[in-house]
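> Chains as they are written, first to last, in numbering that gives the first Met the number 0: chain A, 0 to 405; chain B, 0 to 405.
Don't read these hints as lab results, they were simulated from the structure. The beta-carbon is built from N, C-alpha and C at its ideal position, and this holds for glycine as well. Please note: incorrect hints may appear among the correct ones.
As the list claims (entries may be wrong) - Distance windows between CB atoms, simulated:
no. : chain 1 : residue 1 : chain 2 : residue 2 : range
1   : B       : K365      : A       : M351      : 51 to 57 Å
2   : B       : Q289      : A       : E83       : 28 to 34 Å
3   : A       : V213      : B       : E361      : 44 to 50 Å
What the hints assert, rightly or not - Below, in silico cross-link-like pairs of lysine-lysine (PhoX-like), each with a Cα-Cα straight-line distance of 20 Å or less:
no. : chain 1 : residue 1 : chain 2 : residue 2
4   : A       : K398      : B       : K398
5   : B       : K283      : B       : K267
6   : B       : K335      : A       : K55
7   : A       : K267      : A       : K256
8   : B       : K117      : B       : K25
9   : A       : K117      : B       : K335
10  : B       : K55       : A       : K335
11  : B       : K117      : A       : K335
Stated by the list, open to error - To list a few chain A residues with every Cβ distance to chain B over 10 Å, as calculated:
no. : residue
12  : K1
13  : D249
14  : D337
15  : E369
2 protein chains.
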Amino acid sequence: MKYINGGVTAAKGFKASGIYAGIKKKKKDMALVYSDVEAIVAGTFTTNVVKAAPVKWDMKIIKEFEKARAVVLNSGVANACTGELGEINNKLMAISVAEELNIPENSVLTASTGVIGKQLPIDIITKGVKPLVASLAYGEEAANLAAEAIMTTDTYKKECAVTFTLGDTTVTIGGMAKGSGMIHPNMATMLGVITTDASISKELLVEAIQADVVDSFNMVSVDRDTSTNDSLIILANGLAGNEEITTKNDDYDIFVKALSMVTINLSKQMAADGEGATKLFETKVIGAAQKSQAIILSKSIITSSLVKTAVYGNDANWGRILCAMGYSGVEFDPDKVDLFIESAAGSLQLVMDGMATDYSEELATKILSEKMVTAVADVKMGDATATAWGCDLTYDYVKINADYRS
Amino acid sequence: MKYINGGVTAAKGFKASGIYAGIKKKKKDMALVYSDVEAIVAGTFTTNVVKAAPVKWDMKIIKEFEKARAVVLNSGVANACTGELGEINNKLMAISVAEELNIPENSVLTASTGVIGKQLPIDIITKGVKPLVASLAYGEEAANLAAEAIMTTDTYKKECAVTFTLGDTTVTIGGMAKGSGMIHPNMATMLGVITTDASISKELLVEAIQADVVDSFNMVSVDRDTSTNDSLIILANGLAGNEEITTKNDDYDIFVKALSMVTINLSKQMAADGEGATKLFETKVIGAAQKSQAIILSKSIITSSLVKTAVYGNDANWGRILCAMGYSGVEFDPDKVDLFIESAAGSLQLVMDGMATDYSEELATKILSEKMVTAVADVKMGDATATAWGCDLTYDYVKINADYRS
Numbered sequence: 000m001k002y003i004n005g006g007v008t009a010a011k012g013f014k015a016s017g018i019y020a021g022i023k024k025k026k027k028d029m030a031l032v033y034s035d036v037e038a039i040v041a042g043t044f045t046t047n048v049v050k051a052a053p054v055k056w057d058m059k060i061i062k063e064f065e066k067a068r069a070v071v072l073n074s075g076v077a078n079a080c081t082g083e084l085g086e087i088n089n090k091l092m093a094i095s096v097a098e099e100l101n102i103p104e105n106s107v108l109t110a111s112t113g114v115i116g117k118q119l120p121i122d123i124i125t126k127g128v129k130p131l132v133a134s135l136a137y138g139e140e141a142a143n144l145a146a147e148a149i150m151t152t153d154t155y156k157k158e159c160a161v162t163f164t165l166g167d168t169t170v171t172i173g174g175m176a177k178g179s180g181m182i183h184p185n186m187a188t189m190l191g192v193i194t195t196d197a198s199i200s201k202e203l204l205v206e207a208i209q210a211d212v213v214d215s216f217n218m219v220s221v222d223r224d225t226s227t228n229d230s231l232i233i234l235a236n237g238l239a240g241n242e243e244i245t246t247k248n249d250d251y252d253i254f255v256k257a258l259s260m261v262t263i264n265l266s267k268q269m270a271a272d273g274e275g276a277t278k279l280f281e282t283k284v285i286g287a288a289q290k291s292q293a294i295i296l297s298k299s300i301i302t303s304s305l306v307k308t309a310v311y312g313n314d315a316n317w318g319r320i321l322c323a324m325g326y327s328g329v330e331f332d333p334d335k336v337d338l339f340i341e342s343a344a345g346s347l348q349l350v351m352d353g354m355a356t357d358y359s360e361e362l363a364t365k366i367l368s369e370k371m372v373t374a375v376a377d378v379k380m381g382d383a384t385a386t387a388w389g390c391d392l393t394y395d396y397v398k399i400n401a402d403y404r405s
Numbered sequence: 000m001k002y003i004n005g006g007v008t009a010a011k012g013f014k015a016s017g018i019y020a021g022i023k024k025k026k027k028d029m030a031l032v033y034s035d036v037e038a039i040v041a042g043t044f045t046t047n048v049v050k051a052a053p054v055k056w057d058m059k060i061i062k063e064f065e066k067a068r069a070v071v072l073n074s075g076v077a078n079a080c081t082g083e084l085g086e087i088n089n090k091l092m093a094i095s096v097a098e099e100l101n102i103p104e105n106s107v108l109t110a111s112t113g114v115i116g117k118q119l120p121i122d123i124i125t126k127g128v129k130p131l132v133a134s135l136a137y138g139e140e141a142a143n144l145a146a147e148a149i150m151t152t153d154t155y156k157k158e159c160a161v162t163f164t165l166g167d168t169t170v171t172i173g174g175m176a177k178g179s180g181m182i183h184p185n186m187a188t189m190l191g192v193i194t195t196d197a198s199i200s201k202e203l204l205v206e207a208i209q210a211d212v213v214d215s216f217n218m219v220s221v222d223r224d225t226s227t228n229d230s231l232i233i234l235a236n237g238l239a240g241n242e243e244i245t246t247k248n249d250d251y252d253i254f255v256k257a258l259s260m261v262t263i264n265l266s267k268q269m270a271a272d273g274e275g276a277t278k279l280f281e282t283k284v285i286g287a288a289q290k291s292q293a294i295i296l297s298k299s300i301i302t303s304s305l306v307k308t309a310v311y312g313n314d315a316n317w318g319r320i321l322c323a324m325g326y327s328g329v330e331f332d333p334d335k336v337d338l339f340i341e342s343a344a345g346s347l348q349l350v351m352d353g354m355a356t357d358y359s360e361e362l363a364t365k366i367l368s369e370k371m372v373t374a375v376a377d378v379k380m381g382d383a384t385a386t387a388w389g390c391d392l393t394y395d396y397v398k399i400n401a402d403y404r405s
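Given the sequences, and given the hints that come with them, work out the whole structure.
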């Protein structure tokens with residue numbers, strides 16, 4: 000099992016493209032992922048009551064149909080809070096891709112990201128479909144273009160692919176994602192597309208992706224704002240030629256592990272590129288009585304504005320971490336908590352049994368000054384653990400979001 | 000019923016003082032509120048599992064005793080996460096005040112605010128008690144000094160007092176509070192002391208304050224971080240001479256209304272002075288089916304980092320408001336929501352039935368540029384309403400909290 004290049008085109012039979020259509024001022028704004036053959040499809044979507052038009056479209060298709068061929072994505076306009084016209088425009092986007100590819104419209108999934116409340120510039124989008132389809136290609140470069148075209152305030156594209164063997168067959172899972180702001184997924188990420196040439200039943204693909212996001216995308220938070228557009232779509236086209244996975248056998252376990260390598264990698268990329276972030280902040284809660292408690296505690300730490308600003312300031316203000324654990328709703332004994340920080344610069348125990356150790360502030364600052372920092376809290380109640388990913392809260396987060404539309 | 004000056008000394012028989020003892024570098028750091036006679040006492044405290052030593056002390060006293068005489072408060076060190084030594088130090092603070100005032104130690108309540116995890120500098124504090132008690136005085140100036148001495152990152156002191164009549168008797172309620180950061184009260188505010196000369200039974204005083212905070216301090220959020228030290232204490236010494244309120248009669252209703260005038264006024268002052276805030280942001284949710292829904296929706300809007308940065312940028316990015324309502328957990332029909340903004344510069348409907356109106360961006364920016372801005376969301380499900388208070392999220396919030404300890 001190893002990482003390879005290629006993102007969404009790493010698996011056999013997947014093409015991609017990314018172009019500038021004119022939705023945004025300058026940057027690429029339309030992407031397409033295409034499978035040469037029908038692919039089993041699954042997805043998880045935002046839990047926000049306010050759901051964007053493409054989310055509603057995808058949820059319906061994935062529920063009613065087993066397979067899909069393509070995912071068209073645009074950045075710049077979210078197509079959320081746009082009423083019936085928004086749904087019509089979304090359908091027009093899917094239909095124009097379907098016609099250009101000569102496939103059924105219900106085999107085209109859609110995704111949008113950007114400003115809420117604006118209608119899609121549907122003329123620009125339908126005009127963009129022709130060059131978008133024309134530039135579909137295999138290979139790393141095409142995947143890069145697609146990953147780039149779904150970015151909004153992201154500062155870099157997010158791609159990952161893993162290859163592994165099932166029996167004698169080489170199988171690949173690849174993916175791309177976008178994140179940055181309004182990131183607090185609760186079922187899925189902002190936008191993510193995963194492709195695999197594995198042969199797997201719809202039932203198990205659904206189960207695998209739903210179980211996976213609990214420990215991957217759902218553990219990411221940039222700003223506690225769960226978007227209206229969160230979508231994670233996975234396409235499995237079976238072209239690897241492995242024996243179809245239809246039961247939870249060893250092959251399924253390997254597939255799930257590889258999937259997790261891709262999704263956790265993308266999750267960390269997303270957290271590290273949170274709007275305005277200067278560093279990736281990882282929180283591990285260990286020793287919890289139940290997994291659900293570990294999840295709540297780790298997310299409570301990762302989302303605290305006071306913890307996030309302290310991390311930005313390289314300040315080992317650990318009281319804020321205990322405070323965030325304390326208001327999470329989980330019962331624990333504050334007088335038993337141990338707290339550690341770790342990074343490439345070393346590791347340090349800040350708190351033992353709820354009170355400060357005699358630690359070196361100098362070393363603490365050095366540890367916190369790295370690009371990736373981990374805080375580990377042990378609540379000493381049991382064996383359950385969880386890991387969450389976030390980032391620091393900086394001047395630039397405020398800057399980016401105070402004038403996002405201008 | 001009218002506002003008057005005087006804060007915690009406005010009611011008969013209350014003295015106050017505020018001094019510099021040496022806990023902080025330069026600013027006043029110890030305050031005392033004292034009643035000439037025994038006062039009925041009630042309070043509400045943080046729901047954080049991690050409770051500061053003074054919170055534990057007060058909760059015990061208020062549970063076990065009906066009356067109290069004094070509240071001693073320090074700023075600079077929170078005395079939270081300080082173990083057994085923290086509890087001993089807190090008790091020493093209470094005892095030294097009790098000795099100096101010649102009153103029982105269990106009639107002295109305590110409150111602390113500041114850095115978590117540091118021990119109280121108990122020598123400095125006990126030395127400070129003598130001048131603190133010596134400077135106790137009636138009148139506005141003394142109240143000002145006390146209100147000033149409990150400030151941390153607050154930029155101004157927060158006081159309020161209201162006078163009203165019960166029968167022929169003039170009764171007064173006054174209070175002071177501190178807020179600024181780590182503000183997301185859930186039972187009480189950061190630190191608040193309310194004094195009244197009303198004569199009222201313990202049972203009804205407890206009921207009045209617990210009902211009151213639901214609509215006042217518990218509706219304030221600066222950063223969603225519920226502190227370890229939140230404390231609101233109310234002392235009623237009966238010196239006004241009104242007939243004791245022992246049933247929920249008209250006098251009780253008037254008392255509750257006056258109390259609410261004080262607490263909501265202090266709540267707004269606290270929100271407006273949120274760390275780094277440039278403006279007070281008020282959110283009213285109307286037309287909810289249940290009060291609890293209105294509370295959740297309004298607090299979800301007020302706490303969204305994306306809404307708060309947009310308010311800072313005077314940007315009518317209303318999609319973020321609908322998004323924050325959508326992930327609140329409350330079920331509503333997004334296609335029915337109306338949204339308005341209001342300030343001294345006018346009012347404007349941004350959204351009708353879930354979609355943008357043809358509003359003027361110029362006027363929207365003008366409205367949002369005021370010092371106090373209100374957003375009103377109508378979900379058209381019923382008659383329940385709630386109002387929450389917060390502030391914008393600015394560069395200065397990050398600045399203040401990235402180097403709070405340095």
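> Next, verify each hint and record whether it holds.
A quick look at each hint next to the structure:
Range check, K365 (chain B) to M351 (chain A): Cβ separation about 55 Å, and the 51 to 57 Å hint holds. Between Q289 (chain B) and E83 (chain A), the C-beta spacing of about 29 Å keeps the proposed range 28 to 34 Å intact. Judged by the Cβ atoms, the range 44 to 50 Å given for V213 (chain A) and E361 (chain B) holds: they are separated by roughly 46 Å. A threshold of 20 Å between alpha carbons decides the hint, and for K398 (chain A) with K398 (chain B) the separation of about 13 Å falls inside it, so the pair holds.
As the CA atoms of K283 (chain B) and K267 (chain B) are separated by approximately 14 Å, the hinted pair is consistent with the 20 Å bound. Taken as a hint, the K335 (chain B) and K55 (chain A) pair is honoured in the structure, with Cα atoms around 18 Å apart against an allowance of 20 Å. The suggested pairing of K267 (chain A) with K256 (chain A) holds, with an alpha-carbon distance near 16 Å, which does not exceed 20 Å. Simply put, K117 (chain B) and K25 (chain B) have alpha-carbon atoms about 18 Å apart, close enough for the 20 Å limit, and the pair holds.
Of the pairs offered as hints, the one joining K117 (chain A) and K335 (chain B) holds, with about 17 Å between alpha carbons and a cut-off of 20 Å not exceeded. A distance of roughly 18 Å separates the Cα atoms of K55 (chain B) and K335 (chain A); the hinted pair therefore holds under the 20 Å criterion. In summary, the hint linking K117 (chain B) to K335 (chain A) is supported, as the alpha carbons are separated by about 17 Å, within the 20 Å threshold. No Cβ of chain B approaches the Cβ of K1 (chain A) within 10 Å, the least distance being about 37 Å, so the stated non-interface status holds.
Every CB of chain B lies more than 10 Å from the CB of D249 (chain A), the least distance being 39 Å, so the non-interface label holds. With a cut of 10 Å on Cβ distances, D337 (chain A) stays outside the contact zone with chain B, its closest approach being about 12 Å. No Cβ of chain B comes within 10 Å of the Cβ of E369 (chain A); the nearest lies about 16 Å off, and the non-interface call holds.
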